[in-house]
Structures are given as C-alpha cells and as structure tokens.
Amino acid sequence: MYSAGTGFITFAFSDKAQNVPIQGLVLTSLIDFVRYLIMMFISAWFIREFWNRLVADLFTVRLIAYREAITMVVLLGLFGL
Numbered sequence: 001m002y003s004a005g006t007g008f009i010t011f012a013f014s015d016k017a018q019n020v021p022i023q024g025l026v027l028t029s030l031i032d033f034v035r036y037l038i039m040m041f042i043s044a045w046f047i048r049e050f051w052n053r054l055v056a057d058l059f060t061v062r063l064i065a066y067r068e069a070i071t072m073v074v075l076l077g078l079f080g081l
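Read in order, the letters of the sequence shown are residues 1 to 81 in our numbering.
For the record, the hints were derived by calculation from the structure and aren't laboratory data.
Keep in mind that the hints are not guaranteed to be accurate.
Restraint ranges, calculated between C-beta atoms of paired labels, are given here [unchecked claim]:
#1 Glu49 to Gly5: 28 to 34 Å
#2 Val55 to Phe13: 43 to 49 Å
#3 Leu76 to Phe33: 14 to 20 Å
#4 Asn52 to Leu25: 39 to 45 Å
#5 Phe8 to Leu78: 14 to 20 Å
#6 Ser29 to Phe59: 22 to 28 Å
#7 Leu78 to Ile42: 17 to 23 Å
#8 Arg35 to Ile9: 16 to 22 Å
#9 Leu75 to Phe11: 45 to 51 Å
#10 Trp45 to Ala17: 34 to 40 Å
#11 Ser14 to Val34: 23 to 29 Å
#12 Asp15 to Met72: 37 to 43 Å
#13 Val61 to Phe13: 43 to 49 Å
#14 Val74 to Gln18: 32 to 38 Å
Where a beta carbon is used, it is the ideal one built from N, C-alpha and C, also for glycine.
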C-alpha cells in the first residue's frame with residue numbers, strides 16, 4: 001500500500017498528470033484498492049485453512065480465527081514478504 005500511495009503522489013505531481021482526467025485516477029485507485037482487499041481476504045482464508053488443517057494437526061498449537069489470519073497477511077505485506 002505504501003508503494004502504491006507514493007507512486008500515486010509522484011504521478012500526481014509530475015508533468016504527465018496534466019493530460020489525465022482526475023476521474024480516471026480516482027477510478028483506477030479504487031479498483032486497485034478493491035483488488036487489494038479481495039486478495040487480502042482470499043489470502044487470509046487460505047492461511048487460516050492451512051494453519052487449522054495442517055499446522056494445528058502436526059504441532060500442539062491452537063487454532064486461529066479469521067481476524068488473526070488477516071493480521072498475518074497484513075504483517076507479511078508490511079514486511080514485504
């Protein structure tokens with residue numbers, strides 16, 4: 001998200017942005033944000049299922065909730081992994 005935000009700001013203040021309508025920038029930004037949310041929710045579902053079905057069966061760890069899986073996805077995204 002940080003790189004998308006800095007890229008948007010860099011483009012907005014460049015000379016290339018003069019001929020681009022603001023509606024197009026807002027629309028593409030919203031589409032990118034929705035795409036990010038969809039991928040985050042799908043990844044969180046996959047992590048939760050992987051953890052609860054495999055890791056929790058192999059090791060003595062507790063099951064995780066969906067919110068904890070979303071937190072894992074966000075932290076992995078922040079660290080760039």
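Hint by hint, here is what the structure shows:
1. Glu49 to Gly5: 28 to 34 Å: At roughly 31 Å between Cβ atoms, Gly5 and Glu49 fall inside 28 to 34 Å, so the hint holds.
2. Val55 to Phe13: 43 to 49 Å: 46 Å, holds
3. Leu76 to Phe33: 14 to 20 Å: Given a distance of about 18 Å, which is inside 14 to 20 Å, the answer is holds.
4. Asn52 to Leu25: 39 to 45 Å: Distance hint for Asn52, Leu25 holds at roughly 41 Å.
5. Phe8 to Leu78: 14 to 20 Å: With a Cβ separation near 18 Å, Phe8 and Leu78 satisfy 14 to 20 Å, so the hint holds.
6. Ser29 to Phe59: 22 to 28 Å: 42 Å, violated
7. Leu78 to Ile42: 17 to 23 Å: 18 Å, holds
8. Arg35 to Ile9: 16 to 22 Å: This hint holds: roughly 19 Å between Cβ atoms.
9. Leu75 to Phe11: 45 to 51 Å: 28 Å, violated
10. Trp45 to Ala17: 34 to 40 Å: 37 Å, holds
11. Ser14 to Val34: 23 to 29 Å: Distance hint for Ser14, Val34 holds at roughly 25 Å.
12. Asp15 to Met72: 37 to 43 Å: Since the Cβ atoms of Asp15 and Met72 sit about 41 Å apart, the hinted range of 37 to 43 Å holds.
13. Val61 to Phe13: 43 to 49 Å: 48 Å, holds
14. Val74 to Gln18: 32 to 38 Å: Holds, since Val74 and Gln18 (Cβ atoms, about 35 Å apart) stay within the stated range.
Going down the numbered hints, you'll see the structure goes against 6, 9, while the others check out.
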